[in-house]
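Engineer: What follows is each chain in one-letter form.
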Amino acid sequence: KQEVTQIPAALSVPEGENLVLNCSFTDSAIYNLQWFRQDPGKGLTSLLLIQSSQREQTSGRLNASLDKSSGRSTLYIAASQPGDSATYLCAVPDLGGGADGLTFGKGTHLIIQP
Amino acid sequence: GAVVSQHPSRVICKSGTSVKIECRSLDFQATTMFWYRQFPKKSLMLMATSNEGSKATYEQGVEKDKFLINHASLTLSTLTVTSAHPEDSSFYICSGRGNTGELFFGEGSRLTVL
Numbered sequence: 001k002q003e004v005t006q007i008p009a010a011l012s013v014p015e016g017e018n019l020v021l022n023c024s025f026t027d028s029a030i031y032n033l034q035w036f037r038q039d040p041g042k043g044l045t046s047l048l049l050i051q052s053s054q055r056e057q058t059s060g061r062l063n064a065s066l067d068k069s070s071g072r073s074t075l076y077i078a079a080s081q082p083g084d085s086a087t088y089l090c091a092v093p094d095l096g097g098g099a100d101g102l103t104f105g106k107g108t109h110l111i112i113q114p
Numbered sequence: 115g116a117v118v119s120q121h122p123s124r125v126i127c128k129s130g131t132s133v134k135i136e137c138r139s140l141d142f143q144a145t146t147m148f149w150y151r152q153f154p155k156k157s158l159m160l161m162a163t164s165n166e167g168s169k170a171t172y173e174q175g176v177e178k179d180k181f182l183i184n185h186a187s188l189t190l191s192t193l194t195v196t197s198a199h200p201e202d203s204s205f206y207i208c209s210g211r212g213n214t215g216e217l218f219f220g221e222g223s224r225l226t227v228l
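Heads up: the sequence lines are chains A and B, in that order.
Residue 1 is where the first sequence starts when you use this note's numbering, and the numbers rise one by one after that.
Residue 115 is where the second sequence starts when you use this note's numbering, and the numbers rise one by one after that.
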């Protein structure tokens, strides 16, 4: 069964810093990986979707990379802002019979200090 | 991105009653929708996969008679928590898959069972 691990679990940095959030998964037979943002008590906002044939995707200050062979993905946040404070989740398709549901990591709780 | 609307966002009910949560894809058709639950400070766990016009597929450990899922159209799936108990209190989130394979999530429904 697929397992997704995110490191660090929590991160607090001053505004303006560049950040790297890490995600690893145990089964590399995935066809995509998705990064989400979750604000407290809210649903999920999709940030980036990387197909297995891609190595990275960029959206504004966000850049996500994918290395299937090593089972890793990183989310890079440039020039962090207080509004980036949220929990960031990575997810890969559920290979355990969930018919393309997602297996999520536990998330990285990010706080950007003004 | 595509929009998924979930209603109600918050519901409080007495133990033993049933609660229905609606999930609508507003600007796309979702042949498949997914229901997740999230306990405090935990990641999302897939409960079931809902396919339009057919029975839902439940994950191991999820009681299908307790969590009734109906996917009557390409834009609407409902989750009914029957005979709710306090341990069913959780954050329920639905998602629909767009035609690119990306999953779009609703805002979630906070259920509190007294």
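Please note that the accuracy of each hint is not assured.
Derived, one-sided and incomplete: chain A residues facing chain B with beta-carbon distance under 10 Å [said to hold, decoys possible]:
hint: 1; residue: 11
hint: 2; residue: 27
hint: 3; residue: 71
hint: 4; residue: 72
hint: 5; residue: 74
hint: 6; residue: 76
hint: 7; residue: 103
hint: 8; residue: 104
Rather than coming from a laboratory, the hints here were simulated on the basis of the structure.
Where is the CB? At the ideal position from N, CA and C, for every residue including glycine.
Engineer: Decide, hint by hint, whether the structure agrees.
Structural biologist: Okay, the hints, checked on the actual structure:
no., hint, verdict
1, 11, "violated (16 Å)"
2, 27, "violated (16 Å)"
3, 71, "violated (18 Å)"
4, 72, "violated (18 Å)"
5, 74, "violated (18 Å)"
6, 76, "violated (20 Å)"
7, 103, "holds (8 Å)"
8, 104, "holds (4 Å)"
Violated hints, listed in ascending order, are 1, 2, 3, 4, 5, 6; each of the other numbered hints is respected by the structure.
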